[in-house]
Amino acid sequence: ALAERCRQRLEHSSNSGNRQTVAASFLKVAKEASSPTYASALALGSVLNTEEDQTRAAWLDLFLEKSLQTTFAPASEISTMQLFLQNVTQDEWDNSLASIMGLKLKANPERAFETIKAILDGLKNA
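In terms of our numbering, the sequence shown is residues -10 to 115.
Note that these hints are calculated values from the structure, not bench results.
None of these values were measured; they are calculated from a predicted model.
Glycine included, every Cβ here is placed at the ideal spot set by N, Cα and C.
It is possible that some hints are incorrect.
Stated by the list, open to error - With beta-carbon atoms standing in for the labels, derived distance ranges:
hint, residue 1, residue 2, range
1, Pro63, Asp83, 21 to 29 Å
2, Ser14, Gly91, 15 to 23 Å
3, Asn7, Glu99, 39 to 47 Å
4, Ala22, Ile89, 19 to 27 Å
Please build the complete structure, drawing on both the sequences and the hints.
In structure tokens:
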């Protein structure tokens, strides 16, 4: 509910410079924070939904790093990032997320299963 209100307010903002400044702030917090703060920052920052490829790539890289590459995020953190998952593009899925998830599941099925299931559930609900 809070994230949806933030999205509505930002969509009504006529100043895209402000949106970029806020997005940069959320990205910085998400990069520097530990669990579960980074998940909230990532989710809220993603509602800014910038179309710039570099910014989208930064958000996706951070998601992958925090949820699959460094450690396996618990399902509760993945569900917090639901807004981010709702904005994953087909290209991001095809070229990055699907292959990384497959490799992680193959390499470490016991530890990766909960995280990957939560990601797929989040994508399914998008």
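Hint-by-hint comparison with the structure:
Between Pro63 and Asp83 the beta carbons are some 26 Å apart, a value that agrees with the proposed interval 21 to 29 Å. For the pair Ser14 and Gly91, the beta carbons lie near 34 Å from each other, so the given range of 15 to 23 Å is not met. At about 45 Å, the CB distance of Asn7 to Glu99 agrees with the hint of 39 to 47 Å. Distance hint check: the CB atoms of Ala22 and Ile89 are about 22 Å apart, consistent with the given range 19 to 27 Å.
In this structure, the one hint that does not hold is number 2.
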